[in-house]
Every structure is written in C-alpha cells, then in structure tokens.
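Numbers in the numbering used here are just positions in the sequence shown, counted from 1, shifted up by 25.
Everything labelled a hint here was simulated from the structure, so no lab data went into it. We treat Cβ as the ideally placed atom computed from N, Cα and C, and that holds for glycine. Mixed in with the good hints, there may be bad ones.
Claimed, not checked - No more than 25 Å apart at the CA atoms, straight line, and that leaves these computed lysine-lysine pairs for BS3-like: (1) Lys273 to Lys263; (2) Lys273 to Lys456; (3) Lys50 to Lys528; (4) Lys538 to Lys528; (5) Lys273 to Lys72; (6) Lys324 to Lys263; (7) Lys72 to Lys538; (8) Lys495 to Lys528; (9) Lys158 to Lys72.
To be verified - Restraint-style ranges between C-beta atoms, simulated for each label pair: (10) Thr126 to Ile492: 14 to 24 Å; (11) Arg750 to Ala691: 17 to 27 Å; (12) Arg627 to Thr659: 24 to 34 Å; (13) Gln272 to Asn237: 15 to 25 Å; (14) Leu475 to Ser219: 50 to 60 Å; (15) Ala130 to Glu472: 56 to 66 Å; (16) Ser219 to Ser279: 12 to 22 Å.
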Amino acid sequence: MGPPQEPEEEGIPWGRYIAALRRFKYLILTVTLVGTAVAAFATRFLKPEYTARATIWIEPPPSGAGPIRAPGLLQSHSWAELLTTGVVLDSVAVNMELYLTKDPADSLVFEGFSLSNRMLPGQFELSLDAEGKRFMLRTIDGIAVDSGVAGDSIGRPVGFRWAPTSSALGRSRTIKFKVISPRDASLALQSTLSANMAQDGNFLHLRLTGSNPSWIANTLNAVADQFVTVAAELKRSKLQILTDDLQKQVAVASRNLRIAENRLESYRIQIITEPNEGTPIRAGLQTQMTVVGSFFNQKVKLDEIKQDRSAMEEALRRGAASGTLSVDAFQLIPSVRSAPDLMSALQELTTAEAELRALRYRYTDEHKPVRDLQERINTLRTQTIPAYTRALSDQLRVEEQTLESRIGVSSEELERIPSRSIHEQRLNREKLSAENLYQMLSDRYEEAKLALASAIPDVRLLDRATIPSKPSSNSAPRIILMGFLASFGAAIGLAILLDQLDKRFRYPEQVTKELGLSILGAIPAIRKVEADRRDPEEASQVVEAFRTVRLNLAHSYGAAGPIQLTVSSPGPGDGKSLVSSNLALSFAEAGYRTVLIDGDIRRGELHRMFGMERRPGLIDHLAGDVTLEEVLRTSTHDQLTVVPCGTRQHHGPELLGSARMSELMAALKSRFDVIIVDSPPLGAGIDPFVLGTTTGHMMVVLRSGETDRQMAEAKLRLLDRLPIRLLGAVLNDIRTHGIYQYYSYVYGYSADADAAPVAQLAGGPAEAESEDEDFAS
C-alpha cells in the first residue's frame, strides 16, 4: 500500500496556507521587522497628546417659589451646541491668533498682527535684505505679494494688519508663516474640543486635546471665559429685549384701555336719559322700582281696573234684573272700596234696610215711617247707587284708557332696552378685557424690569483649566503595534500571493487535481553529507520511500508479464535519474531481475553513478556495432544490470524508434522481471515519447519546489495522443513535515541491514549526475 493520498480539502485550504507561511517565514520576518522599524521611526515625529479640562456650572431653571428671576436661557442639551458656535470659537480664534502659525522664535515680529475682513489665506515668506531696510512678501510658491521699506505696513494687499518695527524684523533673514481664516481656525479648534453634559445635569465638562500643554490650557480657559461672557450677554440681551417689548405692549394696552373707557363713557352719557332695566321710576327710602317693574305693575293695575269695572256692571245688571242690589257684591270690588261716595251710599242702604227690618217687626207697611224708609231705600237702589256706580265705571274706563296708552309707550321703550343693555355690556367687557390685559402686562413689565436689574448669568466657570503635567495618550506604542500588525498582515498576504503566483509544484493536490496523476510515492530530501556521517534514520526514510514506489508499481502490473516503464520528468534537474537508479536498486533488493537502461542518449550519466564505461552502450547496440551481451553491464548488486547510453550520435533519436529497439525490448522481457528506462526530460525532445511508446508505460518524477507546473501540464497533454499509460508521479525532494507530514514514516523502525544499500545507492554515484547534483549526498 502506498502513502496516503492528500484528502480533498473543502473550504479554505489551511494546510496549504500554513505550508506557504513556513516556506516564506524569512520573508515574513523581514517584512514584519521592516514595517515595525518604519512605524517605530515614524513615532519619533509624533508628539504625545495632553488633555486640559475645565468645568462650567449651568444654572437650573427657576422654580415657581422664590424671588423674581428671569427664565433659563437654554435647555440643558443646547449648552454644548452654544459652545461650538462661531460667536464663541471665532472670537477665541481671533483673540488668541489661532489663525497664525509661526515659529515661536518670531513671536516678537508678529506682535500686533491681525486680519482684515477680506484676507487671503496661505503660506507666506517674508524676506529681508542684507541691510534690513526693505522687505519682500511672497507666497510659498514664490508669487510676490507685497514689498516696501521695513517699518511700513506689511501684507495689506492680502488683508494683513501688520506693521512690525525694523529692529524686530532684523536683516538677511526669511520668516515663514501660515495664515488661515478665523473660521477655519475655529473649526480646527472645534475638532479637538469636546463638551459633555448629562441629560438633566448642571455641569458642562470641557476637554481640549493637543501636544502643547500650556497652549491647550490657555486656549481652553479662553474658550470657557468667552462662553461665560457670551452666555451672560445673551441672557442680558434677552431680558432687555423682553423688557422693551413689554414696555411697548404696556403702552399699547394703556392706550386701548383709555379708548375702551372713553367709548363706554360716551355711550352711557348718550343713554343716560333712556330707561333701562336698572332705571328707577321713583325714589324711595328702601327700594327703587325699575322701569320693567313699573311696566308690569301698570299691566296688573290695568287688569284690576278692567276686572272691577266688569264686576260693577255685572252687579248693576243683576240688581236691575232682580230689583235688588247686593251690597256685598259691591263691597268685594276693590275700586268700590276706594270710592267714598259709593261706599257711603252702600252703607246708607245697609243701614236703611236694617232699620226697615226693625220697623216691620212693630209696624205694618202702611205705617208712614215704614213707607218713608221704603221709599228712601228704593231711591238708593234705583237712583243713588246706580248713579255712583256708573260714575265710578266711567272713571275706571278713563283710567283704563290712560293705562293702555301708557303701557303701549312703555312697551316700545322696553323693546329698546335689551339692545342698549347688550351694547353697554359689550363695551363693559371690552373695557374689562383691556383693563385685565393692561394689568397683566404691567405686572410682567415690572417683573421684567426687576429681573433685568438683578440679572445673573446662567453659567459660571467653576474649575479653570490647568497645565497638564502628564500626557493623556501616547500614540507611539499603538502606532508601533499597528505597524507590526499591518506589516505582519502584509507579509502574510504577500506570502500567500507569492504562493498563488508560484508556477512550481509545491503541494500534492497540484499533482492529483491539476494534472490528474496518482502519487506513487514521495522521496524525502537527501542532505549533502558524507556517507559515514549520514543519519541511519534519514537513510531509512529514503529506502522506505523507494520501497513504497516499488510496491505501487508491482501492484499496478500484477502478475502478468515483466514490469517495464519509462521514467521521465518535465524538465532537467527534477531527479529522474536518481529516482530511476534507486528504484531499480530497490527492485533488485526485492529479488527482481532488474535491468536499468540509460535512455538519455544526449546527456546520460548513469554510467558515472555506477562507475562503468559509457561505451559501448544502448546506441551502439541499436546501430548494430555490438551485441546485447556487450552492453549489459553488471553492477554492485547481483540482480541489477545496467545498460549505459553508449556513443552519442546525431541520429540517436531515430535509432530509439527503430525495429532494433523493439527487438531489444523483446529480448529483455525474456531475461528480466523489471525493465526501467531512464529517459531524457519531456521538454528535451522526442526521445522520452519514443521510449514511452516502446515500454507502453511511463512514470513522471516531479521535484517539489522546482518543477514548472505549466510545462508539466503542457508536456503531459502530448502523452494523451500516444499509446502510453501514465502510471503516476513520484514526488521528489519533499520535506517530511507540514503538508507532506503524512508521507513520512515512523522513526525507530529502521533495520541495520538497510544501511549498506542506502549508502550504495545514495552515495558517490549520485554525485556525478549534473541534473541531480542537488540530491546527491
């Protein structure tokens, strides 16, 4: 059984990647060290960063209780936004000249430097002549901007307000500086400034990061001071605007109140003579009756008069019908009780009737006092009382007409009262509304004036920034680590890329998958050491490898006929002669009668490996110059016979394809169990293909790390058209670790008797082959 085939990998080929990393370990190490060194060198140009901190206290909004105060200026989450506005940062940028980048040694030169509203940003150079009397201002590109006498204004065309003294400028010097707009300076400051405030908190924490501790502390204090100043100005400006607006509104409300009062007053004067619901008709000590009450009283009185008049007429009608008058019926009428004459007549009638009843108890009707009293009663009933009653009825009728007329007039007046009342109430409401509005605005105006007079800022600077003594962050270790990781990752990527671009055979799956060949065996790398210093275990690994190849070939043929095959490789230097010679020796060790033919008639060197003469050899026999027995040479092993290549001739390739060659192979089949032909490389010409068709079988030797995969694929594709059976491939010069670890054998199981054959096959003869000199030991 041969060595285990490399299992087909699914997904990511980790084994191949690991093998590539091992192969390029020195490249990876070099790239990693170079990248880390570059990163370490770059940190020399980086400065550590410092962080300055300051704390601002935000006044909470006033509660309902307590003294009169102005409301808060902003919500808690808006204070951080105010900090990043231009009104704060632009002022800081201008006051601290953050728009100017200069050499600290030139600070005296730039005293009083400022910018106009229109300025040209850029990098400039100020050059002074040898005498220090004239200057020239140029851009970094060499464009002249301004020139003049030292001491005059410099840079006016580009918006500079700068007039340094000639003593400060000096002579024969060039001053370089950079100017940006204040807004760009404030944006740069904003990028390094951070503000943090809790959602419902009252503390605004400021942080500024930079490489200059003193500068960031001073700058942060300037930002905090400007922030407090702007907040105070905004608070007072807000209160002043509120007070002014309330003052105007109070004036308008006062004017509207006066207009409403005048309108109400004018209307009341207009209707003062007109009756209304509250107008009294007569004065009294207790109450005063209104017009409406008087109207209904007149209506009631009219109804009473009508009822009294009807009752008197009814009483007269019944008296006339019955011939008697009912005094009680008249006395029940209220108007009759208020008529003295009628009441006297009724009283007199009642008295006369009483006297008549009394006289009749004593006298008869013919008695003169009785008749006289009867006549007086009749006169009262028929004349006096009816006369008084009709007079009273006429009087009541006249009063009735008067009341009806008066009621009609009062009704018209009452119909106009509601509209006048509604209009008056509307004017009252307008006057009351104007009065309430005026009062409310007056109160708010007074509160606003009081709040303005006692206004305090909403913010206070609690903790000023101090100069930090220790850096907050040092990016050097991080940059070095990033450089190490980046270079290490780049090195790994480069190693994998080089592995993918490598055209040589490196992995077993390239043989099985790309070329479609089965692996007959794998020969480990043979170190170049002297025979007496060779490790027995290492030699045992080589012997076992060739035994594996021998076993696979033997089972491929079975028991039918001798084993005959051609050994070739895609190019020179792949170790095919070493493999064929050692394979032949392995067959001989196993008891096979083996013949090894040097078919490389152009550069064959098997005769040197086995220490024999090159002539006569194969070509000499094919040319008919010598017999077969003369070219069969015995070797150091009894079962191994060698046929050298013979005399080199130009028509050698034609002789390989001649009938003589077929006769030779037929003769060898009858005498040997194994026939191995060592052919030239597939890329050397037609010889290996001719020899392959002669034997009918071919084994390809592929050297790990040397054989060109594209050449091998192209040459093997030519074999598809020929009657040659590809038995498989032998991998040569492998390292028995990593991806080839399964092709090695367990150490410690070697036999002492194996040492002699190994030394024989891997010793001096192999050193003579030029194409295999890397394998010789």
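Do the hints match the structure? See the list:
1. The hinted pair formed by lysine 273 and lysine 263 meets the criterion: a straight-line CA distance of about 16 Å does not exceed 25 Å.
2. For the hint linking lysine 273 to lysine 456, the alpha-carbon distance of about 20 Å falls within 25 Å, and the restraint holds.
3. Distance check on the hinted pair: lysine 50 and lysine 528 sit about 19 Å apart at the alpha-carbon level, within 25 Å; holds.
4. For the hint linking lysine 538 to lysine 528, the alpha-carbon distance of about 15 Å falls within 25 Å, and the restraint holds.
5. For the proposed pair lysine 273 and lysine 72, the alpha carbon gap of about 60 Å is over 25 Å, so the pair is violated.
6. Using a Cα cut-off of 25 Å, the hinted pair lysine 324 and lysine 263 is violated, with the two alpha carbons roughly 68 Å apart.
7. For the hint pairing lysine 72 with lysine 538, the CA-to-CA distance comes to about 56 Å; that exceeds 25 Å, so the pair is violated.
8. Between lysine 495 and lysine 528 the alpha-carbon distance is near 56 Å, which puts this suggested pair outside the 25 Å criterion.
9. Taking the CA atoms of lysine 158 and lysine 72, the gap is about 39 Å. The hint is violated against a cut of 25 Å.
10. For the pair threonine 126 and isoleucine 492, the supplied restraint of 14 to 24 Å holds, since their beta-carbon distance comes to about 21 Å.
11. In this structure the hint that arginine 750 and alanine 691 lie 17 to 27 Å apart at CB holds, the actual value being about 19 Å.
12. Taking the beta carbon of each, arginine 627 and threonine 659 are about 25 Å apart, inside 24 to 34 Å as hinted.
13. Under the hint 15 to 25 Å, the C-beta atoms of glutamine 272 and asparagine 237, about 51 Å apart, miss the expected range.
14. Checked against the hint of 50 to 60 Å, the C-beta distance between leucine 475 and serine 219 comes to roughly 39 Å, which is inconsistent with it.
15. Between alanine 130 and glutamate 472 the beta carbon distance is about 58 Å. The supplied range of 56 to 66 Å therefore holds.
16. For the pair serine 219 and serine 279, the supplied restraint of 12 to 22 Å is violated, since their beta-carbon distance comes to about 52 Å.
In this structure, the hints that do not hold are numbers 5, 6, 7, 8, 9, 13, 14, 16, in rising order.
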